[in-house]
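Colleague: Now for the letters of each chain:
Protein chains: 4
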Amino acid sequence: MTRIAFLGPRGTFAEAALRRLDAADDAELVPAASVHAALDLARTGEVDMALVPMENSVEGSVPLTLDELSSSGTGLVIIDEVVLPVTMTLVAPAGVAMADVSRIATHPHAHAQVRGWLDANLPGVVVLPALSTAGAAAGLHDLPRMYDAAIAPAITAEIYGLTILAENIGDTEDAHTRFVLVRGPGFVPERTGADKTTLALYIHQDQPGALLAILNEFAVRGVNMTRIESRPTRKVLGDYYFSVDIEGHVSDARVAEALMGLHRVCLDVRYLGSYPRHDGREPVLRAGVTDADFAEAQDWLKNLKGN
Amino acid sequence: MTRIAFLGPRGTFAEAALRRLDAADDAELVPAASVHAALDLARTGEVDMALVPMENSVEGSVPLTLDELSSSGTGLVIIDEVVLPVTMTLVAPAGVAMADVSRIATHPHAHAQVRGWLDANLPGVVVLPALSTAGAAAGLHDLPRMYDAAIAPAITAEIYGLTILAENIGDTEDAHTRFVLVRGPGFVPERTGADKTTLALYIHQDQPGALLAILNEFAVRGVNMTRIESRPTRKVLGDYYFSVDIEGHVSDARVAEALMGLHRVCLDVRYLGSYPRHDGREPVLRAGVTDADFAEAQDWLKNLKGN
Amino acid sequence: MTRIAFLGPRGTFAEAALRRLDAADDAELVPAASVHAALDLARTGEVDMALVPMENSVEGSVPLTLDELSSSGTGLVIIDEVVLPVTMTLVAPAGVAMADVSRIATHPHAHAQVRGWLDANLPGVVVLPALSTAGAAAGLHDLPRMYDAAIAPAITAEIYGLTILAENIGDTEDAHTRFVLVRGPGFVPERTGADKTTLALYIHQDQPGALLAILNEFAVRGVNMTRIESRPTRKVLGDYYFSVDIEGHVSDARVAEALMGLHRVCLDVRYLGSYPRHDGREPVLRAGVTDADFAEAQDWLKNLKGN
Amino acid sequence: MTRIAFLGPRGTFAEAALRRLDAADDAELVPAASVHAALDLARTGEVDMALVPMENSVEGSVPLTLDELSSSGTGLVIIDEVVLPVTMTLVAPAGVAMADVSRIATHPHAHAQVRGWLDANLPGVVVLPALSTAGAAAGLHDLPRMYDAAIAPAITAEIYGLTILAENIGDTEDAHTRFVLVRGPGFVPERTGADKTTLALYIHQDQPGALLAILNEFAVRGVNMTRIESRPTRKVLGDYYFSVDIEGHVSDARVAEALMGLHRVCLDVRYLGSYPRHDGREPVLRAGVTDADFAEAQDWLKNLKGN
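Protein chains in written order, with this note's numbering: chain A, -12 to 294; chain B, -12 to 294; chain C, -12 to 294; chain D, -12 to 294.
Keep in mind the hints are simulated off the structure, nothing from the lab.
Fair warning: this is a prediction, and the values are worked out from it, not measured in the lab.
Relax, there's no trap hidden among the hints.
One copy or two, either will do: identical chains are not told apart, so a pair holds if it fits within one copy or between any two.
Once the Cα atoms are required to be at most 20 angstroms apart in a straight line, the calculated DMTMM-like pairs of lysine to aspartate or glutamate come out as:
id	residue 1	residue 2
1	Lys289	Asp278
2	Lys289	Glu177
3	Lys289	Asp255
4	Lys292	Asp67
5	Lys292	Asp35
6	Lys292	Asp255
7	Lys292	Glu177
Start from the sequences and build out the full structure, keeping to the hints where you can.
Modeller: Given below as structure tokens:
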């Protein structure tokens, strides 16, 4: 049976995201204590895959995920992504009403997202930090009870037998978290035509214009970028790598040529996986960069060389 | 008397960073409960300035700082920066020895940085999350005591009357946090020759090549970039802004021309301040981009137009 | 009275071009023996202006014009241009019919343009080279007559009292020649909104990517280029300068900033004049590069610097 | 026996250039009346190859050569080049001394190069135009003699039995002409490591930035350009193609990839041949663009795709 680790405990947004994937249907879902722990389980082979937050998370550190994947020697690669709307819910044990709530617990990032609602609806409430929103919900059963309610995903009400006091209490209507499913190397998902590829690009230090050169490698082959971040390498202050997402699959001719170009100009290129886009949106390509265009150009060249 | 808010409570790395600044010498230092709160105090004028973490923090959310500064309507600007080595210390009340420690508290990010040391030296210890490392230290005086020790800056031992059980327990030798000092608009620090400028660049949606165009505006004027991040705008998923740091001061001719160029091609350019670099390192400029070069070119043009 | 030199003798395409200009209306038109001679007359002040061929000429060497203007120490500048359709005519003295023509004279470049017509209509005819097409027509009055007819502009029939044997005999329907009107430095024609500027750009030797850098200076300011040629500098084999035409006037903000940028990165920038386009076509500008956009950006910058 | 056409008549600089090539050693050399005629002989197969001037010629029209090669449907390709120093000589029949010279003949371009010497040494001399410098020399044997001397290559003295009156009379010390050897398609000379490739690049009309895109295709693959000219296409005024020379051979991986890239973005790419550089100078390549680098990148990509 397939085993998939996720950022636990049970009831996290990560679990909700995982349940959206076909891969999870007949799999054993294994909660892990941290992003680090989830990735370690996949690295060592104790699980087949792991689902961790990548962008905009309310559950944990995204930079942590980026850095773990980018610098890992064992080469975990991303094979799928899920983007989940994040809706905050105030949950409490049976018998606790809004008027009874004077202390609540939640993850600090979730706290940041409901500050406006709390000021308006529970002024003066004490907020205790928890390691995860689901953990805050689970802790409502600890005795003696340290707090009266938790801010957590709605699903925790069902999992932990809690009551929902208020729904959709986030200050931003449409908060989202992006999760990625990773596994060991050597497996590349089929190209779907609406794919994304994630890379970590290490540049030669002290090269002004290095980023421009990198973007040029993409631009010349008509490859669009959807995310970029300079991240410190942890070795030397001021030494950076670039974490980027691009549109397309390593099997697309334009992506393949761009990757080889980057491999030639960068100190190191780490391929972190090609996978289907969560939204199935196909890229808008400029003229001349489809696979057919690349093949036709190759035929033309062969012909003019007379062979 | 000048009042400066910082990410509290007393004893945080933010306070340690603030004390390094001349501005703090005769000022009243005001601890704030969060990055948001610290910035709000500066926005409303209750304090003159605020010191908040910007990059790589162990105390709080850096993306939060970026987003608050970038989207703020009131226009706080950065006027100085401090980079502080982050050394983790295990502190406990008098009478508590290593052998007595079964529960500790700290901020989750600090926890991530000492995981290796804990596995080796305190296997099985329970780690409780706290809103800040300093808060964890301060909480050791709460009764009943919920935990035996805290992972926090060394200075908290002195502030809160605690004992240091272990020093330099971080897994990475040279962790650093970068803090920025912000204040209301209309004040630009003197150019020192070794300055940095922070910007938030909003692009027209769905423009492939927009980032390349932005980098070109810098490259053509010989302006080096030291940090870049694409950040979601919170309005529409897939809508980004770029948070960047560049070398140079808004009063440098090359920076001024680049800013005006960006203002013409971007949907919006938010100037978040020019300030002295923490390390005093002057930029290595390519030929033709000093203020003297710009002035000479202007004279040349005037002359050929015959006026 | 204004005196204007042109590439003579009387009856050349250059004269026809000159007569199209308002400047020629009340001026004395002075035929010169060569491009060099015409420019020298303007340089020394013996004439006020000179009209010489620049592009695609059938009368003389365009590279010669480019090089003379680009390397001249005295700084002649272009103040106007004329583009003239080039229609070839076979002219002969009275009494000579097509059947009588066994030898004709013309300029070698004109010969190249009527080769097809000659093969079809005068197979086996002997073609003698002349210094100019008009000179070939004028020579028909020399005694003894060395040739029976000349290929020349139609106007030579009137000027020299000749008969037209065949009209529009050029192999290409729409041959054109571009002429430029030059004068001494210190005069810049008014901006019309549909202008062109000509430059000679000298680069630092052995700099791969130098041309890319030059084009970038234009591209970043939204300046379109309409002509480019690498030309040897005559000093060292393999040492080049670039002769370029751009859309816009030195008084346009985008052109002015681009020129100053080029002045900073090039070994030398020679401004050869801003002048109205012959076709009155206004440039299609991308967003953000009008004078209003530049002025607005300058105001924005002033404002954020608080002065 | 191999037959090679050249721009005649006998004694031209083109013949002198041709004799420098090994290919000419056992070949029959066929003088042609014009660049057009020489190329036609090669196109129709009447000769195996043709040598014509390409750059900086004193013998004929270089643009003519560019345009003929670029727009030819039959696809002649360049397989070699020769660069010849151009030294001008004053030749005359036996018995004619300097003091006897009142009329001379030469090609107009050669005339342009000796103007200074003539002003100083033969003031007032009448200069008659000839179709080629060698033709001017040959014509000295015509009776009645139309002129007293000719400006021509020194070799014409030997060929036509003339006396040398003055040597090295060019105003520029180091004038050079570049000739190219062309033949029918389907033959690509061996790569030598010091090669050049000539291209004609047709762009989609009205695309500002098209040239920048073209140069980028070269720059991204580390291909240096040694010559560029925008040339009108003869069809529509304002419609251009670019004639360029680049360093490298179509068999070099970096050149091959750049050519395919251009083929995808241009309206049309005409490959005009890869051939050894006349000076044997190998290109200075930036890191990452050797054939070994391309091969290594390809292996890397194969490996990460797991096949």
